[in-house]
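K.L.:
Spelled out from the first residue to the last, the chains are:
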Amino acid sequence: MTTILLVDDEKLVQRSLEKTLLRAGYDVVTANDCASGLATFEANAASIDLAVFDLNMPDFTGLHKPGAGLDLLQKVIEAKPGIPTVVLTAYDEVGKAKEAMSIGARAYFVKGREQGLVELIQGILGKTA
Amino acid sequence: MKASNSTGAERQAALLQASARVSRSIASILDLNLLFNRTVDIICDEFGFYYAGVFVVDESGEWAVLRAGRGEAGRAMLAEKHKLHIGGNSMIGAAIENRSGRIALDVGKEAVFFRNPFLPKTRSEMALPLIAGDEVIGALTVQSEAEAAFSDDDIAALQTMADQLGVAIANARLHRQNQDLLRQAERRTRLLHAANKVGKEVTSVLSLDELLPKMVDTIVEAYGFYYAGIFLTDERGEWACLRAGYGEAGKAMLAEGHKLQVGGSSMIGTCIYLNEARIALDVGEERVHFKNPHLPRTRSEMALPLPFGKKVLGAVTIQSVEEGAFSQDDITSLQTMADHLAVAINNSYTLEALKAAHAEILRNKVYEALTVATTEAIHWIGNKALPISMTIARLKEDLAEGQPDLESLGEDLDLIAEASEMIVQVKEQLIGQAREQQPRPVLLADILQAACHTRNVKDVKVEIAPEAAYVVADSTQLARALGNLLQNAVEAGATSILFSASSDSKGQVYLTISDNGAGISAEVLEKAWTPFYSTKPDHHGLGLPAALHVITQLQGQLQIHSQEGAGATVHITLPASQPIGAEISGQPAILLLDDDDDWAQFFTACVPGAKRSEKPSDVDLLLIDQNLESADFDPLIAEIRGAGLAAKTIVLTAAMDVDKMTRLLRSGLGDVRLKPYSPAEIPALWQE
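Note that the protein sequences, when read in sequence, are chains F and Y.
Under the working numbering, the residue at position 87 of the first sequence is numbered 87, and the numbers go up by one with no gaps.
Counting the second sequence from 1 gives a position; the working numbering is that position plus 1000.
Keep in mind the hints are simulated off the structure, nothing from the lab.
Do not take every clue at face value.
The list that follows gives simulated cross-link-like pairs (lysine-lysine, DSS-like), each with its CA atoms no further than 25 Å apart [to be verified]:
#1 F:K11 with Y:K1527
#2 F:K11 with Y:K1396
#3 F:K65 with Y:K1536
#4 Y:K1365 with F:K65
#5 F:K96 with Y:K1365
#6 F:K96 with Y:K1536
#7 F:K11 with Y:K1536
#8 F:K75 with Y:K1536
#9 F:K65 with F:K75
Derived coverage of chain Y by chain F (criterion: at least 3 residues anywhere in the stretch with Cβ under 8 Å from a Cβ of chain F; other residues may be distant) [stated by the list, open to error]:
#10 1354-1365
#11 1373-1382
#12 1410-1419
C-beta atoms are modelled at their ideal positions from N, C-alpha and C, and glycine is treated no differently.
Generate coordinates for the entire structure from the input sequences, incorporating the hints supplied.
P.N.:
The structure is reproduced here in C-alpha cells:
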C-alpha cells in the first residue's frame, strides 16, 4: 500500500484531501503544521512514499508563517533524499514554485485544480495506488 | 505809521511796543515758514518800512537763501529762489559773514549794496544777522524808500527783534528736530511691530499662498510704501516668478504670470543673481531698473534677496513714490525681515517635500496593504472553496458508482456545510462594515455587556468612570467591534481582561481593553489590520479590520499596543456624550425582565412605576433584555409564550441580529427593538 503524508493546517482542506486520497486507494497520514508534520514523518519515514505539504501554515515554532511548508520540505528531503513531494498553495507564485522545486519538490500544486491532484500523484509515483 | 512822520519820543515808544508785539507773536510760532512770513509782515506793518525779508544760511554755509519776503517783490524773489553769497558784495552776505548789522542810509553810497531790480525804490537798507547761540543762522533785511530812514532807536529795536527772531528760529528748528525724532521713533515702533508680526507669521504660517500675501501687506502698511512684491525662483533657478504683490498692481501682475529673468537687467534679477540687496533711491539713475507700467509712480526701489544657506530662494521688491525713500533703518530691518521670510519659505518647501514623501510612502503602504489583503483573500477563498469542490467531486463519483457510503456522505455534507458557513460569515462581516451607522448616545456599560454576552466572554473586569458612561455610537456596530476585540483577547489565551473607560475635558472617552494573553509580535501586529490576514487557521481575518472600520466611522481611533508574551492593550477613543432628556408620562404598566445591571437601573430610574423582575407576569408591556444572564433566554421565551404574554413582549437588544430577530418574531413575540439609551427614546416603546 502506498502511503502519503498530508500536512495542511486548514482542517477542512486536510480532511477533504485525505478522503479523496483514501478514496483513490492510498494510505494517508496527516498533520497540521510543520512540527507535527515532521514528527509524523519521522515516525513513519520508512512507509511514507510521498509527502504533500501546504505552503503557508504554522512553522516549527507554531507561529503562522508564509512559506513555512518549504522549511518542512527541506527537512523531509534531508531526512529521506529522493522522496517525492508536492507543495500545495492557494495561488500560483512563480518565486515560491521555483524555490520549492529547487529544494527538491516534484510538483507545485495550486488548490482549486484539485481534480488533477490524484492524477498528479499517480503520475509522480508512476503507478496507481 | 510812517517812520519819517513820527517825533523821536513817540517813535521810540511805538518801536518798543512793536518790538514787544513781535516778540509775543513770534515766540509761540514753531512753523518756520509761518514765523518768517509773520516777521516780515510785522516789521513792515508796525515800523512802516517798504520791504523786509528773511534769509537763512543753507546747509553748505555758502549761501543765504531768501525764505520770506514782503509783498510782490518778495513773492517774485522767492519764485526765483533768490539767494546771496555769504561774504559776497551784498549787505546780507556781509552781515552774516561779519556777524554784525550793516546799515546803508543811502544805498547808492554803500559799496556792498546789491542793486535789486525787484526793489528799485530802496534808499535805505539795514541787514541784521540772525544769531542763535554762537551760530549765525541767517539775516534780516529791512528796506525803506526814504534816505537815512533808520534812527539809532530803529536799529536797536530791530536788532532786538532780530535777536528774538534768531532764538525763535532756533526754537522752531529744535522743534522740527524733535518732531523728526518723534516721527523716527514712531516709525521705528511701527517697524518693530511689523517685524514682530512678520516673526510670528513666518513661524506660524506654513502655507506660502497664505504667508506671502500677508508679508507684502505688512511691509506696505507698516512702512507706508507704495508697493511690495515677493518673487520666488523657479525649480531651475532661471526665473524669478512673482508669488505675491500688493494691491491692484500686484493682482494684475500675478494674473499676467509676471516673472523676471534671474541675472537679467531687472533689479530683482540682479539681486537674486548676486545675492545682494539692490537699492535705487532714484530709479531713473539705476541702470538695471525695470520700468514697470503697473507701478508708474515708483521713484525709489529696493530689491532684497531671500537667502537660505548658499541658495537664494527669491527676492522682495519694495517701492516708494518718494525719491531717496529708504533710510538705513528701513534697509536693515527689511533685510532682517527678508532673512526670516527666507527661513519660512525654506520651511514651507521642506514641509511640501515631506508631504510629497509622506504621500508616496502612503501610496506604497496602501499598495502593499492591498497586495497583502488580496493575497490573504485569495489564500482564504482557495482554502474554503477547495473542500467544497473536492467533496462535490467525490460525491458525484460515489453517486455514479451507485453505492454511496452513507457515513462518508454525511461527513462530506458536513464538510461542505462548514466551508459554506465560513464563507457566509465573511459575507456577514463585510456587510456589517458596509452598513451605514446610526450614531446616538449609548450606554457604554450596556454595549460592553452585549459584546461579552454575544461572544460568551466571561469575567471581564469593568471600570467605567461616571463621566465616560456615554459615547456616541451605533450600538450594534460598537457591540460588534468590542466583541471582535474581546474575542481576540480570549483566543490569545487571556485569563484576565480589564475594560476601563475615562473621559477628559476635550469631549473624548478613552477606552482600554487590557489582557494578559499571548500578546502579538510586531510583525503580526503590522499585518493584523489587513483583511483576511489571520494567524488562526479557522479565522477569516476580518475581526480587527472590521473593528477599525467601525471605530473610524464613529470619528474615533483604535490602536493596539502589545509585546509578544506580554498581553495586549487596545486603546479606543470615541466622542463622549450625554443621554437626551425627556419627561416621561402616560406609560402603561411595565415589567422589565432583566438583571440588576446598568441599563436596568437607567430604565427604572427614567420610567416611574416600571418594575424589574427575573420572572414574567401579566402587565401591559413586558420588556426583556436580551443580555439577561440570570435566566436562560429560550426557556424564558417559552414560558412567556405559554403564559399567553408573547404579544405584549418586546425583546430589547443592544446589537440587532437579523437572524435572531426573525426567529423571535416567528415565535410570536410583539417586537424586537434596539434598546433606548436616552429618556427621549423610551416612550416609543409603547407609543409605536
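K.L.:
The structure should be examined with respect to each hint, and the outcome stated for every one.
P.N.:
Taking the hints in turn, this is what the structure says about them:
Between K11 of chain F and K1527 of chain Y the alpha-carbon distance is near 23 Å, which keeps this suggested pair within the 25 Å criterion. Using a Cα cut-off of 25 Å, the hinted pair K11 of chain F and K1396 of chain Y holds, with the two alpha carbons roughly 22 Å apart. Among the hinted pairs, K65 of chain F with K1536 of chain Y is consistent with the structure: their alpha-carbon atoms are about 11 Å apart, no more than 25 Å. Proposed proximity of K1365 of chain Y and K65 of chain F is supported: the alpha carbons are some 21 Å apart, at most 25 Å.
Proposed proximity of K96 of chain F and K1365 of chain Y is supported: the alpha carbons are some 23 Å apart, at most 25 Å. Taken as a hint, the K96 of chain F and K1536 of chain Y pair is honoured in the structure, with Cα atoms around 22 Å apart against an allowance of 25 Å. As the CA atoms of K11 of chain F and K1536 of chain Y are separated by approximately 11 Å, the hinted pair is consistent with the 25 Å bound. For a cut-off of 25 Å, the pair hint linking K75 of chain F to K1536 of chain Y stands: about 24 Å separates their Cα positions.
For the hint pairing K65 of chain F with K75 of chain F, the CA-to-CA distance comes to about 16 Å; that is within 25 Å, so the pair holds. Against chain F, the region 1354-1365 of chain Y contributes 0 residues with a C-beta closer than 8 Å to a partner C-beta. That does not satisfy the three-residue criterion, and the hint is violated. Against chain F, the region 1373-1382 of chain Y contributes 6 residues with a C-beta closer than 8 Å to a partner C-beta. That satisfies the three-residue criterion, and the hint holds. Under the rule that three or more residues need a Cβ within less than 8 Å of chain F, the assignment of the region 1410-1419 of chain Y holds, with 5 such residues.
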